[in-house]
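So you can see what is in the structure, the chains are spelled out below.
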Amino acid sequence: MLAFIIRRIAQSLLVMLVVAAVSFSLFRFVGDPISSMVGQEATMADREALREALGLNDPFLVQFARFVGNALQGNFGISYRLQQPVMELILSRLPATLELALISGIAAFAFGVTLGVYTALNRRGWISSGIMTVSLIGVSLPTFLIGVLLIWVFAVELQWLPSFGRGEVVGIGDWWRTGLLTESGRRSIILPAITLGLYQMTLIMRLVRAEMLEVLRTDYIKFARARGLSNRAVHFGHALKNTLVPVITITGLQLGSIIAFSIITETVFQWPGVGALFIRSVQFVDVPVMAAYLMMIALIFVVINLIVDLLYYAVDPRLRVERGSARH
Amino acid sequence: MAEPLLSVRDLVVEFPTRRGTLRAIDRVSFDLKEGEVLGMVGESGAGKSITGAAIIGLIEPPGRIAGGEVRLRGERIDNLPPDRMRRVRGRRIGKVFQDPLTSLNPLYTVARQLTETIRTHLDVNEKEARRRAIALLDRVGIPAAARRIDDYPHHFSGGMRQRVVIALALCAEPELVIADEPTTALDVSVQAQIIDVLKEICAERGAAVMLITHDMGVIAETADRVAVLYAGRLAEIGPVRDVIKEAEHPYTAGLMGSIPTLTQTSDRLVQIPGSMPRLNAIPTGCAFNPRCTKVFDRCRVERPDPIDRGSGRQVACWLYDRAEARHD
Ligand SMILES: Nc1ncnc2c1ncn2[C@@H]1O[C@H](COP(=O)(O)OP(=O)(O)OP(=O)(O)O)[C@@H](O)[C@H]1O
Ligand code: SF4
Ligand SMILES: [Mg+2]
Numbered sequence: 001m002l003a004f005i006i007r008r009i010a011q012s013l014l015v016m017l018v019v020a021a022v023s024f025s026l027f028r029f030v031g032d033p034i035s036s037m038v039g040q041e042a043t044m045a046d047r048e049a050l051r052e053a054l055g056l057n058d059p060f061l062v063q064f065a066r067f068v069g070n071a072l073q074g075n076f077g078i079s080y081r082l083q084q085p086v087m088e089l090i091l092s093r094l095p096a097t098l099e100l101a102l103i104s105g106i107a108a109f110a111f112g113v114t115l116g117v118y119t120a121l122n123r124r125g126w127i128s129s130g131i132m133t134v135s136l137i138g139v140s141l142p143t144f145l146i147g148v149l150l151i152w153v154f155a156v157e158l159q160w161l162p163s164f165g166r167g168e169v170v171g172i173g174d175w176w177r178t179g180l181l182t183e184s185g186r187r188s189i190i191l192p193a194i195t196l197g198l199y200q201m202t203l204i205m206r207l208v209r210a211e212m213l214e215v216l217r218t219d220y221i222k223f224a225r226a227r228g229l230s231n232r233a234v235h236f237g238h239a240l241k242n243t244l245v246p247v248i249t250i251t252g253l254q255l256g257s258i259i260a261f262s263i264i265t266e267t268v269f270q271w272p273g274v275g276a277l278f279i280r281s282v283q284f285v286d287v288p289v290m291a292a293y294l295m296m297i298a299l300i301f302v303v304i305n306l307i308v309d310l311l312y313y314a315v316d317p318r319l320r321v322e323r324g325s326a327r328h
Numbered sequence: 329m330a331e332p333l334l335s336v337r338d339l340v341v342e343f344p345t346r347r348g349t350l351r352a353i354d355r356v357s358f359d360l361k362e363g364e365v366l367g368m369v370g371e372s373g374a375g376k377s378i379t380g381a382a383i384i385g386l387i388e389p390p391g392r393i394a395g396g397e398v399r400l401r402g403e404r405i406d407n408l409p410p411d412r413m414r415r416v417r418g419r420r421i422g423k424v425f426q427d428p429l430t431s432l433n434p435l436y437t438v439a440r441q442l443t444e445t446i447r448t449h450l451d452v453n454e455k456e457a458r459r460r461a462i463a464l465l466d467r468v469g470i471p472a473a474a475r476r477i478d479d480y481p482h483h484f485s486g487g488m489r490q491r492v493v494i495a496l497a498l499c500a501e502p503e504l505v506i507a508d509e510p511t512t513a514l515d516v517s518v519q520a521q522i523i524d525v526l527k528e529i530c531a532e533r534g535a536a537v538m539l540i541t542h543d544m545g546v547i548a549e550t551a552d553r554v555a556v557l558y559a560g561r562l563a564e565i566g567p568v569r570d571v572i573k574e575a576e577h578p579y580t581a582g583l584m585g586s587i588p589t590l591t592q593t594s595d596r597l598v599q600i601p602g603s604m605p606r607l608n609a610i611p612t613g614c615a616f617n618p619r620c621t622k623v624f625d626r627c628r629v630e631r632p633d634p635i636d637r638g639s640g641r642q643v644a645c646w647l648y649d650r651a652e653a654r655h656d
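Chains as they are written, first to last, in the working numbering: chain A, 1 to 328; chain B, 329 to 656.
Next comes chain A alone, as it looks inside the complex (with noise of 0.2 Å):
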């Protein structure tokens, strides 16, 4: 068990190592740093000082190693477009971005288990047939087409709910702002909350219903039927925990995915999260900024990795085994 959690980390440091590489070599290579920081009358002799100051003209590795050290600390430097500490920017913005996600993230599991559930137990319905239609349909729609699809209905037409924003919000301890406490932002974090969720439902959907047939044809489910025992229980109690260990994985890493696609939904909808900073910083060149963002995907990926392997190894009893004692 240690001997796996090490090697895990071990992993993962190695991970974090190659997207900070990455995201480093965006300050080379992406326009040039001294230029976006003075105005257009600075002399080269100004900009030359500036470089040396900056530490420019020191050799790669000792910059990266710099950049690596500052980035442990939590010290991104300042953004270029709005002149503020890259971090504090993003913390700031990222309660935004983790509810979102988080509420998507926890509706797209429900439904999708739910439903993918029903549609494997009542696989000849023709109510099965809709929602699989249906969710075929969710699957091959792009997501900005979806939360427009929505603001023109639900906000537009309707007028039920708001279109864009994140409602009021109140504060929680000393930099966590919520929306989830107030009545308007509850009602803004729908749409975009749909929209983020809706193509992560139906992949889980469609994985709990394959898994789950794939379980219900396996023989412990028709020893288990043929001890008699209610349907209930072979659903409930031992089909669905065995669909549910390989859906796990996916849908932990889809968290993952979800933060990162807010960008798209964030924009659609005005959401003041990190993924919107995200495309402004794109559109200004912001490297700072750009290179935070990429570091803190990647650390997010990482670490769902990390909380899903665990996860997995909680819930299977096999992978407990210590070698050697498997069988005797």
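I should point out that these hints are in silico values taken from the structure, not numbers from a laboratory. Only true hints are included.
Here are the simulated DSBU-like cross-link-like pairs (lysine-lysine), alpha carbons at most 35 Å apart as the crow flies:
1. B/K455 <-> B/K527
2. A/K222 <-> B/K455
3. B/K622 <-> B/K361
4. B/K361 <-> A/K222
5. B/K527 <-> A/K222
Given chain A's structure and the hints, the job is docking chain B with the ligands onto it.
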């Protein structure tokens, strides 16, 4: 004569397919007396497993029982509503599956699978169910049963797992156990032990056994009577000793010729030329006629029904028809 425990009459099982309906079981009839061991043999695809599945009401749709009836102590069970049939399964008819590696749910402990089954059928509390489960595991030969009961299936070897499967099939004290090739998937060295355990424990509890196997040796040692299936039809049924000593159906004779016994060395193995017809190409008349050495005209036209030969023996072959005897 006392009412038989199980009575199968003119059982027909069909599988609708795109290219017509396949008749996997075609008017098979046999009885099982209380506490009796009936062996069921036949080549692969003869319909042994389907017969077992039909009795326990677990033919997979679109397959269905298309005719005949199955009675348990006189009560028809082939047309029971699903919920009542569920209470027959496990409680009155237990089933032992072929492959112990796949027939136990990998995510639950042996204890949980046993107590769940016991409590589904018997009105006992968790503690009592566990006590019975441990006693049963001990009886089927799991060493340190009180401790091992909390292990997961993967902690057990193949032979031990099959003992667990037997315990599961018997834990609600059924009157009949259908064992479908219970040792085929096991190491040769443990096969005999498993058969012995199964036979002994059923004898102790007065449960009848329908033992499906390819192994005539096992039948000879274990069964009271033997039924021989060929292409979904019953070829011959009778007391084991009589059938082995003097097989009457030419197909059975061929099969018996192919078991090496102490007096017969293996170089005298008789192979029946040809192979069993596929379900969509069963010849008219006697299904065995293309391979039969004793075939005559009538065999190619009329299908022989089982003919009573006295002392509980029946043979489906025109050679034993009284009308033919008169010609001889
Ligand atoms: N789902 C199905 N659809 C169509 N035909 C089927 C289906 N299941 C079984 N059959 C056919 O029914 C026949 C009997 O199958 P069964 O499994 O009972 O054979 P068996 O005697 O148990 O053979 P084995 O010794 O290989 O286990 C076979 O010819 C098989 O092809
Ligand atoms: S009925 Fe005819 S073909 Fe069939 S087994 Fe008897 S002799 Fe052979
Ligand atoms: Mg079989």
